[in-house]
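**Student:** Okay, here's what each chain looks like letter by letter:
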Amino acid sequence: MRVSALGAYTNLAITARTSDNVIDDDRVQGVSFTGSDASGERVAERAGRNVKKTILELGGSDPFVVLEDAEMELTIERAVFGKMTNMGQSCVAAKRFILHRAIADEFIDGFRQHLAELKMGDPLDETTGVAPLSSVDAAEKLEDQVKRSVAQGAQPILGGGRPSPHSTFFEPTILTKVKKGMPAYDEELFGPVAAVMVVPDEETAISIANDTKYGLGGSVYTRDIDRGRRVAAQIEAGMVFINHPAWIYEDMPFGGIKKSGYGRGMWSDWNPGVREPEARPRALISPKLRLQNSVLDFASVPYART
Amino acid sequence: MMFFFFSTSTNALKRHNIRTRVTAKISLGFGDEGAPELSRYFAMPTARTSHAGRDKGAERAVLRSVNPYNGQTLHTVPEMTEEEIDSAISKACERFKTWRHVAFSLRATFLRRAAKLCRERGEELARLMSLEMGKRIAEGREEVELCAPIFEYYADRGEHLLAPEILLSPLGDGTLVKEPLGVLFGVEPWNYPCYQIVRFAVPQLMAGNVVLMKHSSSVQLCAEALDKIFRDAGFGFGSVHEPGDHRPHFGQRY
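Residue numbers (our numbering), protein chains in the order written: chain A, 1 to 306; chain B, 1 to 254.
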């Protein structure tokens, strides 16, 4: 066998429309899709018609739950990371900030200060804090979601729109008084917009965290790790972290439940439990392995041979 | 978050003939005093350029990278023809027949080589991500640092993860074996142009599957750079869109 002549990876320069034909092709055994809900539904439907295996990783509206005993400085720092990483254009970006009323003002003040300091600019410039969104359409869609939320009573206490009518840039934005029925509550906001909700207790925080069609990631902030685990266990999502926004590790299965999709993007023999990565001494991670039905997904065809 | 700096590799950018914009450093705040200048400056990317579509009269659709910072078109690729796609799928099926029998140790060698190339070309990958989808350069470097360990993790652990399991049943001792499925199709988005590809392709390649990858229309420079990493690492023929390809419109670049 001439190993050097093997080619196991092939790039296809095709549009979304053409990819339907590839899904239909009987020679193709499975499809892994990451992207928008609407496209994911089409891929799943197409693959389903062909009885073809799929992994879907779609949208998310990750809750960022801050309990009254959270360490505030750390929590605010993590909130800035969770919201501004990739300009919020991440399926596991922190999207809904659910704050216990005892610490809501302190959190919002600190969060606002940090976001307000970020400068817009060229993504290639090292000092840039706010880069453009991926396209004019993306910025326009986000602006529309914010406008509709504000029209329904949400209050922008920072930012709220684009610096000019046709810009790809979007200001870091904090929306307070977000309620059910608003796009900021019900839809995924794919950009630097934080939807804030203030709650009287832990129980309400959990119920709002779960009041979404999505179930990708989520995080809980508390000094009491046992409490964090208890709350995390009640959040309906594929990956819930304690004191850190949901994030990616090479040895951790990645994926969601509900409308966020199914299957896992990576597989591993990851030991369920709590791990403390060196780089983030206080980030405790608790992926919800109990919610996974298939860790190995596509990687294998398990069958028994006697 | 930790990341490492690498020597800058501008070769790829030269190859793609990308002129990196040199802009005066700007630092605009959100205060009222900055507002007029801000709106003037950031009004620039007004052009709404579609990332995929068919121009009037054109035979084939075009995939297009547009820099979201300044609205300039960076790169266009004509969509593959039906025949080309068909041939790519056929080749992939052929490759699966041999790839599935390649030893884990050799697959791991290819993956480790890819991790090394990924790190060596980290600066180039980060710049391409900034140009094509606006990722801040530091975050691009972090993304590359997220990808390289994925290659290494599956190189190191893949064989163990896929090891057969013994099943004790009343009928007799059984073995649960984990075998590859065949040709898999990945459809990945623009938001993490490197990570999304790597996290799907790497475990599958280690498991003996063969991967066809459709990257987002808007990040085809990243798609090509990653394709080259897989090819150079030993994964084989790679893209059907080779430079020097005889098709007349290939390589129309800004």
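In case anyone wonders, no lab produced these hints; they're calculated from the structure. Ideal Cβ placement from N, Cα and C applies to all residues, glycine included. Take these hints with a grain of salt, some might be off.
Stated by the list, open to error - Just the calculated beta-carbon pair ranges, DEER-fashion:
id	chain 1	residue 1	chain 2	residue 2	range
1	A	50	B	159	27 to 33 Å
2	B	97	A	69	56 to 62 Å
3	A	68	B	93	56 to 62 Å
4	B	60	A	155	31 to 37 Å
5	B	163	A	117	46 to 52 Å
6	B	54	A	153	54 to 60 Å
7	B	94	A	17	39 to 45 Å
**Student:** All the hints need checking, so say for each whether the structure fits it.
**Tutor:** Do the hints match the structure? See the list:
1. 50/A with 159/B: 27 to 33 Å: 31 Å, holds
2. 97/B with 69/A: 56 to 62 Å: 59 Å, holds
3. 68/A with 93/B: 56 to 62 Å: 59 Å, holds
4. 60/B with 155/A: 31 to 37 Å: 49 Å, violated
5. 163/B with 117/A: 46 to 52 Å: Holds, at about 51 Å.
6. 54/B with 153/A: 54 to 60 Å: At 43 Å between Cβs, range violated.
7. 94/B with 17/A: 39 to 45 Å: Hint violated: Cβ distance 27 Å, outside 39 to 45 Å.
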